[in-house]
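S.K.: Listed here are the chains, written in short residue letters.
Number of protein chains: 2
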Amino acid sequence: MKIAVDAMGGDNAPKEIILGVEQARDLYPELEFLLYGDETQLKSFLTDSNHIKVIPTTEMIEMGEEPVRAIRSKKDSSIVRAANAVKDGEADAFFSAGNTGAVLAAGLFIVGRIKGIDRPGLTSILPAAHPDTDKQKFVYLDTGANAESKEKNLVQYAYLGKFYAQKVLGIENPTIALLNNGEEADKGDRLHKAVWQLLDDADDLNFVGNVESSAMLMGKADVVVTDGWTGNAALKATEGTAKTMLALIKDGIMNGGLRAKLGYLLLKPVFSTVGKGMATSTHGGAVLLGLKAPVVKTHGSSNAEAVKNTIGQIKAMIESQVISQAVEYFNNQEVLEKMDKSNEND
Amino acid sequence: MKIAVDAMGGDNAPKEIILGVEQARDLYPELEFLLYGDETQLKSFLTDSNHIKVIPTTEMIEMGEEPVRAIRSKKDSSIVRAANAVKDGEADAFFSAGNTGAVLAAGLFIVGRIKGIDRPGLTSILPAAHPDTDKQKFVYLDTGANAESKEKNLVQYAYLGKFYAQKVLGIENPTIALLNNGEEADKGDRLHKAVWQLLDDADDLNFVGNVESSAMLMGKADVVVTDGWTGNAALKATEGTAKTMLALIKDGIMNGGLRAKLGYLLLKPVFSTVGKGMATSTHGGAVLLGLKAPVVKTHGSSNAEAVKNTIGQIKAMIESQVISQAVEYFNNQEVLEKMDKSNEND
Chain L
0 MKIAVDAMGG DNAPKEIILG VEQARDLYPE LEFLLYGDET QLKSFLTDSN HIKVIPTTEM
60 IEMGEEPVRA IRSKKDSSIV RAANAVKDGE ADAFFSAGNT GAVLAAGLFI VGRIKGIDRP
120 GLTSILPAAH PDTDKQKFVY LDTGANAESK EKNLVQYAYL GKFYAQKVLG IENPTIALLN
180 NGEEADKGDR LHKAVWQLLD DADDLNFVGN VESSAMLMGK ADVVVTDGWT GNAALKATEG
240 TAKTMLALIK DGIMNGGLRA KLGYLLLKPV FSTVGKGMAT STHGGAVLLG LKAPVVKTHG
300 SSNAEAVKNT IGQIKAMIES QVISQAVEYF NNQEVLEKMD KSNEND
Chain F
0 MKIAVDAMGG DNAPKEIILG VEQARDLYPE LEFLLYGDET QLKSFLTDSN HIKVIPTTEM
60 IEMGEEPVRA IRSKKDSSIV RAANAVKDGE ADAFFSAGNT GAVLAAGLFI VGRIKGIDRP
120 GLTSILPAAH PDTDKQKFVY LDTGANAESK EKNLVQYAYL GKFYAQKVLG IENPTIALLN
180 NGEEADKGDR LHKAVWQLLD DADDLNFVGN VESSAMLMGK ADVVVTDGWT GNAALKATEG
240 TAKTMLALIK DGIMNGGLRA KLGYLLLKPV FSTVGKGMAT STHGGAVLLG LKAPVVKTHG
300 SSNAEAVKNT IGQIKAMIES QVISQAVEYF NNQEVLEKMD KSNEND
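Chain order of the listed sequences is L and F.
Take the first sequence: its position 285, counted from the start at 1, is 284 in numbering that gives the first Met the number 0, and no numbers get skipped.
Take the second sequence: its position 305, counted from the start at 1, is 304 in numbering that gives the first Met the number 0, and no numbers get skipped.
Keep in mind the hints are simulated off the structure, nothing from the lab.
Careful: at least some of the hints might be erroneous.
[As the list claims (entries may be wrong)] DEER-style ranges, computed between Cβ atoms:
| # | chain 1 | residue 1 | chain 2 | residue 2 | range |
| --- | --- | --- | --- | --- | --- |
| 1 | F | Met-0 | L | Lys-260 | 48 to 56 Å |
| 2 | F | Gly-181 | L | Val-326 | 29 to 37 Å |
| 3 | F | Gln-320 | L | Lys-260 | 45 to 53 Å |
| 4 | F | Ser-43 | L | Ser-271 | 32 to 40 Å |
| 5 | L | Pro-28 | F | Gly-181 | 35 to 43 Å |
| 6 | F | Lys-14 | L | Thr-132 | 29 to 37 Å |
| 7 | L | Asp-202 | F | Ala-184 | 43 to 51 Å |
| 8 | F | Tyr-27 | L | Arg-258 | 49 to 57 Å |
| 9 | L | Ala-278 | F | Gln-196 | 12 to 20 Å |
| 10 | F | Gly-181 | L | Ala-278 | 21 to 29 Å |
| 11 | F | Gln-196 | L | Gln-332 | 50 to 58 Å |
[Unchecked claim] Stretch by stretch, here's where chain F covers chain L in the computed footprint (C-beta under 8 Å, at least three residues):
| # | region |
| --- | --- |
| 12 | 134 to 147 |
| 13 | 213 to 220 |
| 14 | 227 to 241 |
| 15 | 268 to 274 |
| 16 | 319 to 328 |
Since we're looking at a predicted model, the values are computed, not measured.
We put the beta carbon where it would ideally sit given N, CA and C, even for glycine.
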């Protein structure tokens, strides 16, 4: 198993990327790595090149660059070269902590879509954090690869999410819910009403109905399907609220004198559990599901630990053959016709 | 000033509604109330009928009923009768804690829209909770009156929100932001890109650009404009995350033994501050802005305190003449033409 790594992407690149890759290499002897980036920098951080090959690149795509233009013009950037390695069969997967738009564009235009998938969905594994649920996590897509979606895109996400939950998370018959503005079957705009019906009609999906964004973290389903616009707004609101509450608590403790500081010391284990429960990074990076190979993007602020965890996730994806399952499912005339029918109203 | 009250709506009706009305009456001697509902029940809870007139109704709209059908068929329900009182000029405002859809429908079809406003927006006053901001609250609309919106709807919300922030919150030149999936000017789907341009072009709006749902609570602007679909998803995700985090902390304390319980006692003032900071109920109910009179809906679980606060908010709306300002602004050929132009691309 060979993973192509964009070693230049992210706030802490290349140091933390290389550290994380070395940790993953020590943990998983079956993995090999192709490390794309500035040769001098990469070699200065690399302590042991066993199973790691450095491939020099001369260009870099910055965080603010227009993605499609960047991947078209910077052919010798670490992102484009790493994606090409997957396209050419030299690597099985592509990892980056860099410019999200450029990773999406490289995935779409270089690695390529699975036949039958119109648009890949950016997939996160989120914590089912509420203490009242038995679940620990759920698959959530699209978190924002596409600002505008059609019915068939969401139906395809349901299958992609199902395969991921089955193969990578090991859930035999995953439940699937649709993010909507109400729980009842007749809720939503035209798009979501139509998608509800299509998911409910699908015999091979364990569809359990709508879920509201207020109940997302309650573990209503193993897979939550959403259009990228709504999915992005709900996920960012969740992250922003968690941060604001932690900031409020911290502010209260800092300004609460000795009493509050003592209380904090006593409650430290509780805060640590809450922090872990809400953390998304422990569950790996965001997967661009619907491409011909695993393409995974971690947060720009990722440290070596997060890089190592994400590589573990990529390894699980390769081993589970989740992508082959999706390829096989969609490479079927009947399925393609079903998907086309699901957009007749557009 | 006379307020028409649906005394039968909400989980704690009519008791808490009547208690709240009596508290508001004692606080604001200039207010008079028309209380619509079951005569026997209302009279059994009313302790002092000074400035309060009970008007018997024989029908009730339940929480699950289809709104438009309900207000058309139940002519003698408390919601329909109270809305009619406003339409007929017998009352200046309409208050309810009942079926949200039915209140929206009664507002739209009985009280009626301001000329020039295509769709009213459901407006909440949310806490600018993050400790790093100087603001205390912001106006947020549409929270979900409309699942599908056009460009001119969002532009109209910007003006309605501006007038509310000026007149009711007393902010002279309120800043206005657009909820979007990125901060940069070119972010968003077709709708949000077009709205960004229209808001930026408007000389009489203090537009400060996009805000992401992750930064909503950071007090970026006095007014956050959103389509009802996204606004609903982001608001519910915020509420759900706050609840989940509080549940996680509570669970940790309950299962953390004596140490955690002691820590909780010491940090109680901090938790109380956080709870107040995040609470939306202290800022009153949701206003259906864009109607010819104040129509305000509080949460179904409202107690007397919340009812009293919301009546204070309604009083401020009546006194400030915020509605007249909107009527005046939109009753202008130039403005109407500008709004029509803003939908040329549809």
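S.K.: Confirm or reject the claim that Ser-43 of chain F and Ser-271 of chain L have a C-beta distance inside 32 to 40 Å.
M.R.: Since the Cβ atoms of Ser-43 of chain F and Ser-271 of chain L sit about 52 Å apart, the hinted range of 32 to 40 Å is violated.
S.K.: Verify the coverage statement for the region 134 to 147 of chain L against chain F, using a C-beta to C-beta distance below 8 Å and requiring 3 or more qualifying residues.
M.R.: holds (count 3)
S.K.: Per the hint of 43 to 51 Å, is the separation of the Cβ atoms of Asp-202 of chain L and Ala-184 of chain F within bounds?
M.R.: With a Cβ separation near 46 Å, Asp-202 of chain L and Ala-184 of chain F satisfy 43 to 51 Å, so the hint holds.
S.K.: Taking the Cβ atom of Pro-28 of chain L and the Cβ atom of Gly-181 of chain F, is their distance within the range 35 to 43 Å?
M.R.: holds (41 Å)
S.K.: Count the residues of the region 213 to 220 of chain L whose Cβ falls closer than 8 Å to any Cβ of chain F, and tell me whether that reaches three.
M.R.: holds (count 5)
S.K.: How about the region 268 to 274 of chain L: do at least three of its residues have a C-beta closer than 8 Å to a C-beta of chain F?
M.R.: holds (count 5)
S.K.: Taking 8 Å as the C-beta cutoff, is the stated coverage of the region 319 to 328 of chain L by chain F satisfied by three or more residues?
M.R.: violated (count 0)
S.K.: Does the beta carbon distance between Gly-181 of chain F and Val-326 of chain L stay inside 29 to 37 Å, or does it fall outside?
M.R.: Given about 32 Å between the Cβ atoms, the range holds.
S.K.: Taking the beta carbons of Gly-181 of chain F and Ala-278 of chain L, is their distance inside 21 to 29 Å?
M.R.: holds (23 Å)
S.K.: Are Met-0 of chain F and Lys-260 of chain L spaced within 48 to 56 Å by their CB atoms?
M.R.: For Lys-260 of chain L against Met-0 of chain F, whose Cβ atoms are near 49 Å apart, the range 48 to 56 Å holds.
S.K.: May I ask you to test the hint 45 to 53 Å on the CB atoms belonging to Gln-320 of chain F and Lys-260 of chain L?
M.R.: holds (49 Å)
S.K.: Regarding Ala-278 of chain L and Gln-196 of chain F, is the given constraint of 12 to 20 Å on their beta-carbon distance met?
M.R.: About 38 Å separates the Cβ atoms of Ala-278 of chain L and Gln-196 of chain F, which means 12 to 20 Å is violated.
The structure is inconsistent with the numbered hints 4, 8, 9, 11, 16, although it conforms to all the rest.
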